[in-house]
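Visitor: For reference, the chains in residue letters:
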Amino acid sequence: MKQIFCHIEKCLGCKSCELACAVEHSLSKQLVAAMREPVVPKQRIRVELIDEHGTLSRYRTLALQCRHCGNALCVQACISGGIRKDEDSGEVRINPEKCVGCWSCVMVCPFGALVRHEGIHRAMKCDHCPDRETPACVDACPTKALVYLEKDGVRTRDVVL
Amino acid sequence: MCCRNCNMGPCRIDPFGEGAHTGVCGATAEVIVARNFGRMIAAGAAAHSDHGRDVAHALLLAAEHPESGYSIKNVNKLRKVARILGVAVENRETKEIAIDVAQKALAVFGQQEGEIPFIHLAPEPRQAIWRRLNLVPRGIDREIVELMHRTTMGTDQDHRNIMLQGTRAALSDGWGGSMIATELQDILFGTPSPVRGQVNLGVLSQRDVNIVVHGHEPVLSEMLVLAAREGELVNLAKSKGAQGINLVGICCTANEILLRHGLPVAGNVLQQELAVLTGAVEAMIVDVQCIMPSLPELCKCHHTHLITTSAKGRMPGAIHHPFSEENALQTAREIVREAIENFPNRGRVDIPDEKMDLIAGFSHEAITYMLGGRFRGSYLPLNDNIVNGRIRGVAGVVGCCNPKVVHDQGHVELVKELIANDILVVQTGCSAIACAKAGLMIPESAEQYAGKGLAEVCRTVGMPPVLHSGSCVDNSRILIALSEMVKTGGLGRDISDLPVAGAAPEWMSEKAIAIGQYFVASGVFTVFGVGLPVQGSEVFYRHLSEEHETMLGGMWAVEPDIHRMASLMIDHINKKRKALGIDKGKERVLFDMEMRRELAI
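Each protein sequence line maps, in turn, to chains A and B. Just so we're aligned: the first sequence equals residues 1 to 161 in this note's numbering. Just so we're aligned: the second sequence equals residues 1001 to 1601 in this note's numbering.
A hint or two may mislead.
Pairs of lysine to aspartate or glutamate, DMTMM-like flavour, derived with a Cα cap of 25 Å [to be verified]: (1) B:K1404 / A:E133; (2) B:K1104 / B:D1141; (3) A:K29 / B:E1559; (4) A:K151 / A:E37; (5) B:K1404 / A:E91; (6) B:K1404 / A:D131; (7) A:K144 / B:D1014; (8) B:K1404 / B:E1354; (9) A:K144 / A:E91; (10) A:K29 / B:D1561; (11) B:K1095 / B:E1113; (12) B:K1077 / B:E1484; (13) A:K29 / B:D1141.
Computed beta-carbon distance windows for the label pairs [to be verified]: (14) B:K1080 / A:P142: 51 to 57 Å; (15) A:P142 / B:Q1409: 23 to 29 Å; (16) A:R60 / B:G1019: 31 to 37 Å; (17) A:H121 / B:N1007: 39 to 45 Å; (18) B:D1571 / A:W103: 46 to 52 Å; (19) B:R1132 / A:T55: 24 to 30 Å; (20) B:R1132 / A:W103: 27 to 33 Å; (21) A:D51 / B:Q1112: 49 to 55 Å; (22) B:N1345 / A:D152: 53 to 59 Å.
Because the hints were derived from the structure by calculation, they are not lab data. In this text, a Cβ means the ideal position worked out from N, Cα and C, and glycines have one as well.
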């Protein structure tokens, strides 16, 4: 299975990935038009601040989204059976028809990768952009910090997460 | 929406409302985009105005030192401009008038109080609107400096107030810097009149020394034209195995030498790299604006010498020939000589066959002459034909090329659709070159593309339905033409009453933003393609569109889709026709004395 990884040394925290993610998950897939859609599109990737000393003197940024865990807690926590692990692709998917907006998945996710869409009362998360060859965030990253690679070939020394 | 005007940021506002709603300093989306937009206007106005300053300097030189190579070609225009600037013309030598005109023009840049003189060419009601809103520029440089001041961190925090200054700076460009550039260029190099030329990369010659001039200031290119025609240099070219010297242009410099000398145009701004890649260019000579930093790298692939001439624009990897108005002709000769010496180094050459004829040079004066001759020259035939509906209206389609759109497609599609709807199109800049390449600027195109009414007018006058009126600083010609249409009468009392619209379908330069704003401020409905970097703020976008229309009579619109853009323009023109009461033919009534007495005029 391919997975999105982030080179922590390369991430500038510019949030281009967040913007591209929201636009890709809009109806129009265009920035200006997306802003005016009745259901405001939501990003499923978030730029996190890693501030080890808590002083903001030396901090790093990292773009994070659903890790599509092997033993996914959200799948176990879902009360309506709306989150399933796809056996073939290994991806964790949400069925929006089944989601009831109980936010159990949001509570159990160790990465905070599940997103609440308050407007339509549904949980959302990274779906690896099914309409595209590479996810929108990866294409949008100006420093190529985000990469889309086969999980097996990746050494943790090269990338984080 | 991104702000990097200070170092607390850079700050980004999340358009989807998830993240930050304001910058670190509390600046809202509308303040951020207003400041960015204002700074684009300032940069654009600065570019045009600095160009104007160089021309004024050249005029001063032409008058004081005729040996510099510059001379005064159009004395009539000099006297006309002198009257506008308040310079006495009666019983005075041309030289004296020219010195005074040049000095007055230069003084407009540094003027601190009062009103810049060219403003008075606008229709009275337009001037009244500007005075009421305090928009009349006091001087050119002052407005640009004040706009930069007001958009710096922590100064003007009201997007409406920022745009008032933005408008004033834009007006100091359109009715100031750009207009000075155009008018003084006409004095120095002659007012353009219709001339036949050729366009597209096919104009590069297999057998001649090809010299490409690229950039904006005719102060340089005019001297190159003189030098390239000198017998000594032509003979030198022949001794190197070439047949002659082929001077061609790219971008707005191309428009300047096309309009005044009928010299060929190799292409618009996006073809500068392609010209080098033909391998047939001995020297590409550049001055300022729209010159791609990629050129030195590309020139390495061929024998082409890239020659920078302006102290304001140098490039690593290029050869610099410092050009100043004082030693203009001498430098031009050296440059041409260098190009000729480079001819034997030519390697593989691959020149495309494509080229197209065009008629260019429709300056405001040329249109007047064309419509009425020397003694009865006026816009009356144009206004008449607009009133009787043969011509629905007039559209200005201008601006750059942008690689976000298929090359030239935006311009050509839009113009074809407009002329099919009987709208006469006036063009400048790279947009004009795009349509010329598509064959829209030959009189025959009227029969092929134009609507019935417009084709009839074109046939009678013998003009193409798409008029080429110059480079991008020459947009000021369109402002004067619009004012002239108002003064001729029959189409309302202000520019905002006219059935006209403007568009820049493929804009990219900051100059386009300044141009857009001065057209809007002059009362013209203006549509931009590709998108405008203000759309992140709904509030600010509404200010540029609806609020500007109430305030100034002109408004901005953004529409990337070319067909929708055309219908926006046509709808606007129809709306204005309806307001003027010329949307449908009226029955002719013979008034008797009784009815005449009742007329409320």
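Visitor: Which numbered hints turn out to be false for this structure?
Guide: Structure breaks hints 4, 5, 11, 13, 16, 19, 20.
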